[in-house]
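Colleague: Here's the letter readout for the chains.
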Amino acid sequence: NAGVTQTPKFRVLKTGQSMTLLCAQDMNHEYMYWYRQDPGMGLRLIHYSVGEGTTAKGEVPDGYNVSRLKKQNFLLGLESAAPSQTSVYFCASSYIGVGTGELFFGEGSRLTVL
Amino acid sequence: GNSVTQMEGPVTLSEEAFLTINCTYTATGYPSLFWYVQYPGEGLQLLLKATKADDKGSNKGFEATYRKETTSFHLEKGSVQVSDSAVYFCALTVTQGGSEKLVFGKGTKLTVNP
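Those sequence lines, one after another, are chains P and U. Under the working numbering, the final residue of the first sequence carries the number 118; numbering is consecutive throughout. Under the working numbering, the final residue of the second sequence carries the number 117; numbering is consecutive throughout.
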């Protein structure tokens, strides 16, 4: 029972490089989210999706793009990485809205931008 | 806007001590309230929740009561164990753009010593 799987788990980039984080869930969830976690800041929502083919901006969307071409996958892209994007990124999914449902999180992807 | 404020950590306790982690919130309307827990090296997982005033959420010996009059949702456990060492996040729901999202507090790190 995989749940939410993130790849890669660790990555080091140089400033200006691009990369994509992949999130896959096998629970047939409609909603998917990308958060970043920084020391002393808690989790902040980057982008989210309420269904296949939809995306929306969260609290800190600048510098990131996302796509949800398939229901089970939610991709987070960095077109030109900056040191400020050094963080731990978490993907999450939920079957219904978070008010009554539960978010299921992946184990995180640690990104370092030099 | 809706937000949560958690007591700053870190919190260090001895095994079998009583635990309280304070959480207060600011909200319009009637948000749902949650506690999520993050064990070392893992993603967050739901610990307990309450969806309306005076509800008590409970799980694994932890409890929290939704207090509308004091806008609080304090986490308590009567006797902590070493295995409870983790970071605890208070969260509430926010409705924006027609969809519900979670807003997290900054987290409180708990260390329980044998």
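It should be emphasised that the hints constitute simulated quantities derived from the structure, not laboratory data. All values reported here derive from a predicted model rather than from experimental measurement. Backbone N, C-alpha and C define an ideal beta-carbon position, used for all residues, glycine too. Possibly wrong hints are sitting among the right ones.
Unchecked claim - Taking beta-carbon pairs under 8 Å as the criterion, some of the chain U residues facing chain P (in silico):
(1) Gln48
(2) Leu50
(3) Leu51
(4) Lys55
(5) Ser75
(6) Glu79
(7) Gly108
(8) Lys109
What the hints assert, rightly or not - A few chain U residues that don't get close to chain P, going by computed Cβ distances all over 10 Å:
(9) Val14
(10) Ser17
(11) Thr29
(12) Thr31
(13) Leu47
(14) Lys52
(15) Lys59
(16) Thr68
(17) His77
(18) Gln84
(19) Val85
(20) Ser86
(21) Ser102
(22) Lys104
Colleague: If any of the earlier hints don't hold here, list their numbers in rising order.
Modeller: 2, 3, 4, 5, 6, 13, 14, 21 and 22
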